[in-house]
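Asker: Each chain, written out:
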Amino acid sequence: MIRILQLTILLLVCAANAQDVSREDIRGLDEQIQGVKKDVIDLTAELTQLEEKLLFPSNTQVSFFVSLADLQPFDLEAVELKLNNEIVAHHLYTFREIEALQKGGVQKIYTGNVQTGSYPLEVTFIGKVQSGKEVKASASYQVDKEVGPKFVEIRIAGNESAINFKDW
Amino acid sequence: MFPRQASFPCWAMMALRAVVAVLLCGSAAAESEREELKDLFFGAAMFQAYQGNYFDAIVGLDTELDQYRQLDEPELDPFTAHLGQAEFSVGDLELSYRMHLEAGRAIEAVLKGDVPQPVRNEAAYRLAKIHYHKQQPLNALHALEMIDGRVPERVRADEQFLRARVYMELGRFEDAVELLRDLKGEKSLDGFVQYNLGIALLKSGEEERGVLELAALGKNRSSDPEKQALYDKTNLLLGTYLVEADQLALARTYFDRVNLEGPFSNRALLGAGWVEARAGRYDRALVPWKLLQERRVTDEAVQEAMLAVPYAYGKLDVHSTAAINYGRALEVFGNEIDTLSASIDSVRAGKFLEALRRKEATQVKNWVVALRQLPDAPETHYLLDLMASNDYQNFLRNYRDLNDLFERNKEWLKSLSAYEDIIELRRAYYEPLLPDLDRKFRELDARIHLRMEQRDKFQRRIDQMLVTRRPEYLANADEQYARLRLQSMRELLAAGPRHYSEEVEARIARLEGVLNWRLATEYDDRLTDAYKHLQELNVEIAKLQTVYQSYVRSRQAATQSYTGYNGKIHTLREQLLNAQSRLETLMARQGKMLESLAVNELERRRSQLEGYQIKARFALADSYDRANELQEQRADQRKIEQYRAKQAELIPQDTPQELQAPASEGGDQ
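Residue numbers (our numbering), protein chains in the order written: chain A, 1 to 168; chain B, 169 to 837.
Chain B with its partners taken away, still in its complex shape (with noise of 0.2 Å):
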């Protein structure tokens, strides 16, 4: 196989005129009408390529790609009319691969090229966006510079939604704010532009603008949960921002907007309480935080939550239930502390990795949440956020791609001593026979030979006879014989004159007549006998070459099955083994670097759970003392009201005796 070159040999300029063909037909006709198949190994390797089956259907495609350039003269070859589509096929594979550097190395070439101007705006938009995927904009930008004119219309929108991205990447938020008014609309990028319109105002100084776009999008909702999520992703961002910028009777309603059950509600539902709390409404706060209370504890804003819900109670004065609350939030964190400990020892002790390395884990939806449940494996529902990020889904393809090739290569060595097994039982088969074959063969080859040569000559009289008329070659047997001897008498006659006689010179004539007359009179019937004898010998001889041509193609296709193949073999299990060895360090690095990610955010969610643990331990006996204060308070109260209403009983309801003049102490006496 040869390795792509940058240089531009024929085959290439053929590539690069296929793939204009391809472009300026558009692939937007292909999409709705399949395009004729021309190379019935191209389809095969398209099957793999729609399958997301990258490795099989690069495999395909360079072969194919490589058996073209080989031929000379590709342009007979069917697969020319695929030829296009194979190479931008490749570049895209080879990028869904995460290969950026071949797939860019293929698209500087046709860049480098004497293509149509279009062609080469397309192949720096992809350039482009490749640089853009690396996290490189300013190289992104440079490509993006690259393209003169107008690209081709069905990537016009894309090149212009990527160009906006990158400027915002570069902080030239005014250029993305122009570019994405004019993308708005666009159905392609339906809600993405207003998203980055909404953003781009609010880093560009117009945040009424921005808040109104974003407020817009973030009304939508669609049965779709990808754009849901992203509606609900604009109304977390607007909130969390309108609270930055203390518009707290604002925020509230776009918290509100997100969707429960959304990737985006736990987030909400904090947010909502804390735009509660922080206008001193702690009893509204307690609704969505004590909803929060009750989801998945591994979640950030549950724990958070947690910690949340006793401090409203507390800022209520129901100290009792807040303590009760934290009470509850340190025995979860103490728990999930064990958990995330345990977690990161299993990091640490590589089964994090291995659960990864398992065929599952291609097969299996959510591979990374449902590996949690095998014996040993790290609570992976704390790991969920890190693994949406960029980065580590890289590095997780990465070592998954790592060790697939490690795998597939495991079984090409295994199939590589299958083959020298299979070769040296054929060479055991075929050697011993081979000698005694060959020996017949020579045998039948010489006779075949003799009947070959028979032929031909019958062929050349024919032939000749076509031109000059020469009866005696059609005489058969018994006359060749009578012409011989006819002609030895003639010469005996010639040599002795004592036999001669005119009797006998006479009867010679009259012989020579007959047998004249004979072939004479037969020889047009003869001659087309003789004709259709060839023809029908020419059938067996053509049916003699078949079995003959067969034999031949038997011995050398035996001889072959075996034989070429141990330098070959030996060739290219050192190339895998070199391969292997490579692919262990890589793996090992790779695995080092996902363990040491896992383990850095095991670690930081472990010890904010214990920063919330120390809260919560203040809190409690924060708590506790109120409650206590409280119930003193209460308490004391309680004696106080008591104490004055004992007084209220001992005091009679008539004026008191002794306040009464004592009217009948006189009297009396």
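Only chain A is shown next, with the shape it has when bound in the complex (with noise of 0.2 Å):
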């Protein structure tokens, strides 16, 4: 809205120019952009869904989620994961990136395969508070992989200096 205000006056400019292509082709040529959107939409969820079913089948696949606990704001800058004593993950965050974990988004971090069994899961994590305080903390969480898909989240709560973990 703000743009479209600020630039009335720029578009009584560009109006002759925008007039020498028709109406009519803009909006054809905008039906039909729209409607490759929507088919390449579905053609990538069929596609994300067959590369899951390929790469990570139920019976081995593990994934973690990263997600903040805090209201009060906390920004998340690097996160690591180990899992059985393996780094699988290691993650910097962009701006954009903590500004949606700090609206309740939740971050994908990885995906994997493991056989069924215990694996020790270590996550630890740097961030700054509100004050500009560095903090930097690790925590550890056993995974119980059995024969469905494993989804665990890791809860952040930087305030705390906490790591919090789900089953799911």
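Please note: incorrect hints may appear among the correct ones.
So these bits of chain A aren't anywhere near chain B, every CB distance computed over 10 Å [as the list claims (entries may be wrong)]:
(1) Glu86
(2) Ala89
(3) Val114
(4) Thr124
(5) Lys128
(6) Tyr141
(7) Lys145
(8) Asn159
(9) Glu160
The following label-pair restraints were derived from C-beta to C-beta distances [unchecked claim]:
(10) Thr714/B <-> Lys133/A: 45 to 51 Å
(11) Glu31/A <-> Ala413/B: 41 to 47 Å
(12) Gln130/A <-> Gln703/B: 55 to 61 Å
(13) Thr731/B <-> Glu46/A: 17 to 23 Å
(14) Thr727/B <-> Gly35/A: 36 to 42 Å
Going by beta-carbon spacing under 8 Å, a handful of chain B positions derived as facing chain A [as the list claims (entries may be wrong)]:
(15) Gly211
(16) Arg576
(17) Trp580
(18) Ser583
(19) Ser729
What the hints contain is simulated information worked out from the structure, not anything from laboratory work.
Beta carbons are placed, not taken as given, at the ideal position from N, Cα and C, and that holds for glycine.
Got two chains here, each in a separate frame; can you build the complex from them with the hints?
Answerer: This is how it looks when you write it as structure tokens:
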């Protein structure tokens, strides 16, 4: 809305140019673009499912998700995941990702395959609280992989320097 | 994946119920307090949505919604808690991803459904918003007319504001004024209401009130650049309006209020100069114009100022300075015309689209400006105004979306080839192993079945013994053997009486008695032991079954890891190739539109500059003539003055001799 208002005057300049391409042409093309977008969305959903089935079958699939527990602002800078003493994920967060986590989004940080059994999971994070103080914490968890896919939520409470785990 | 359906099956009714729940609860609460997450994958989709990754978010939510709709008892699924939010989010995301048709269809489905009036009203408002953004004000009005009663509180102000803007688009300014007056003071629309109210008042004939409204808004100052831009725009608009209304004395104030660093400053400086020039105060007009003259030469206002400055000097009779400035303008115009010609060639050669397709296009802020630094790229400063237009922005985004989809599909095509390789590797690995494994498994399977039958038999016996006392079932192997031997001896005695003797009979009876005694007295302990052993056996059997099931699953997984994919992959590849061909065609068409609009704009600016160039040449010549004329006049003047001065020198201060009486002439004589 702001942009529209800002640019009203500029639009007057461009109106003549836009008229060189007919409104009908624009509308027709726009509708075709919307149609192809819808088809590619559907196709991508199918391809994603195929990929998951092929690369991460449910009997071996394990996925980890990161979320923020804090309602107070906390800037998560990096997260590292060690599964069975091997680093499986190391992620540095962009501003947009931090914002998305703060709004309640959940990041799928890792998907892999393991056989049924128990595996140690070690999570380390670094971040900054509102005062600018750096916070670093680690926590361990035992991932019990059974027959079905395993989903674990890693809930980071940065202001309390805590990490909670939840099996889904 | 199912296409979104227009009809209303049961899931849709559930979705609507959830939507209603979401709407009735209000999202304001959700904003202040984060909603508890009930479905991890919904959270993952929203993670993409919150980052503006619309495509990934729509794919995620669509997948979730489709899977949910396929459930037998969807109401038991935790996703139910997010269903309403997911449905509305998909609609919003589709709007953000410029899929208005899809979003419109989803909203129309809500409108056709049996939903409470507040929900219907909000849906109608959303539909109207889509039409308004698609520049279809009449359709937007029809959608707004579907609203019966009040819309939910949280969108009420937005709905009124949209209605007012629709009225303005349709020329119903009095109606718009009425609505906008009611909206004054609405925090979320601060500034925008006054701006539109001011314009609506001007257009409805209430000029004085309109000017007052806009003047009040323009007085504001803000550190927020977007707000300040709105105030600057208001002042510029007001200044321009007053100049056109020939109220020059008032206009200058508004031009002066525009922030000198803002996006409207060039036009304001130009306007301020013209106000002074029209009032004949050319010396004062030179102040803003000279400031403008030093700014970026690609700006239209700056180019105009390059002509305006010497024009003012000319009016002030400083023709030589005017000539110098015209000369400078001509040089700049010449260079810029060359730049524009090169830019037009660059756009026609496809360099512009090539630059827009680069990865930086989505990563670098103001990429369109930055791309001018690429070799052979067009001078994009000339395209900034064009690019700021709604149409062009949509074309640009659509072009990038298509390119993004094309690149994604290209990656998927590569992935499909990789998947085929994986499948072949798996087949090559598993197929030779499986026959031998299957043979061993069959043997094992037979043994497992035997043991299972034995266990079942024991279970049945113990069950029987719990009802009827059967000590013989609990005899150990030796006792069983002894019991059978005693039994056969009795049969022997019965068959051949010649073996019979009382002593034998008594011995058999005694042995039977000992055996029965033992079995009877130890019956309870043995039954308990048997039960315990059966429990232990059950544990072992359960382990065996786990291994068995695990083998069956592994066997199944091994087979499933390479069978049944070929057809699917083939179909998906065909679909991808088909989509790629459509994307290429659409990209070419959209690209052509972008190019032709860019070329048109660049040509317009070039022909404008060519016009300026001609004016500047004539003005330069005129300035030289005038300067020469002036110089000649001055020279003549100087000559006259010199002549006069000389004459003055020739005439003595005292009375010239010839004018004096020849007193001494006679006297001397």
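Asker: For every hint, state whether the structure bears it out.
Answerer: Each hint, compared with the structure:
1. Glu86: It holds; Glu86/A is separated from chain B by about 22 Å at its closest Cβ, greater than 10 Å.
2. Ala89: Its Cβ never comes within 10 Å of chain B, the nearest being 15 Å, so this holds.
3. Val114: The assertion about Val114/A holds, with a minimum of 14 Å to chain B.
4. Thr124: Check passes; 21 Å lies beyond 10 Å.
5. Lys128: holds, 20 Å
6. Tyr141: Holds: least Cβ distance 16 Å, greater than 10 Å.
7. Lys145: Nearest chain B Cβ is 12 Å from Lys145/A, so the label holds.
8. Asn159: holds, 14 Å
9. Glu160: Per Cβ check, Glu160/A is outside 10 Å of chain B; nearest 16 Å; holds.
10. Thr714/B <-> Lys133/A: 45 to 51 Å: About 50 Å separates the Cβ atoms of Thr714/B and Lys133/A, which means 45 to 51 Å holds.
11. Glu31/A <-> Ala413/B: 41 to 47 Å: Check passed, 43 Å falls within 41 to 47 Å.
12. Gln130/A <-> Gln703/B: 55 to 61 Å: holds, 59 Å
13. Thr731/B <-> Glu46/A: 17 to 23 Å: Holds, at about 19 Å.
14. Thr727/B <-> Gly35/A: 36 to 42 Å: Distance hint for Thr727/B, Gly35/A holds at roughly 39 Å.
15. Gly211: holds, 3 Å
16. Arg576: holds, 7 Å
17. Trp580: holds, 5 Å
18. Ser583: Holds. Min distance 7 Å.
19. Ser729: This hint holds: Ser729/B lies near chain A, its Cβ roughly 7 Å from the closest one there, short of 8 Å.
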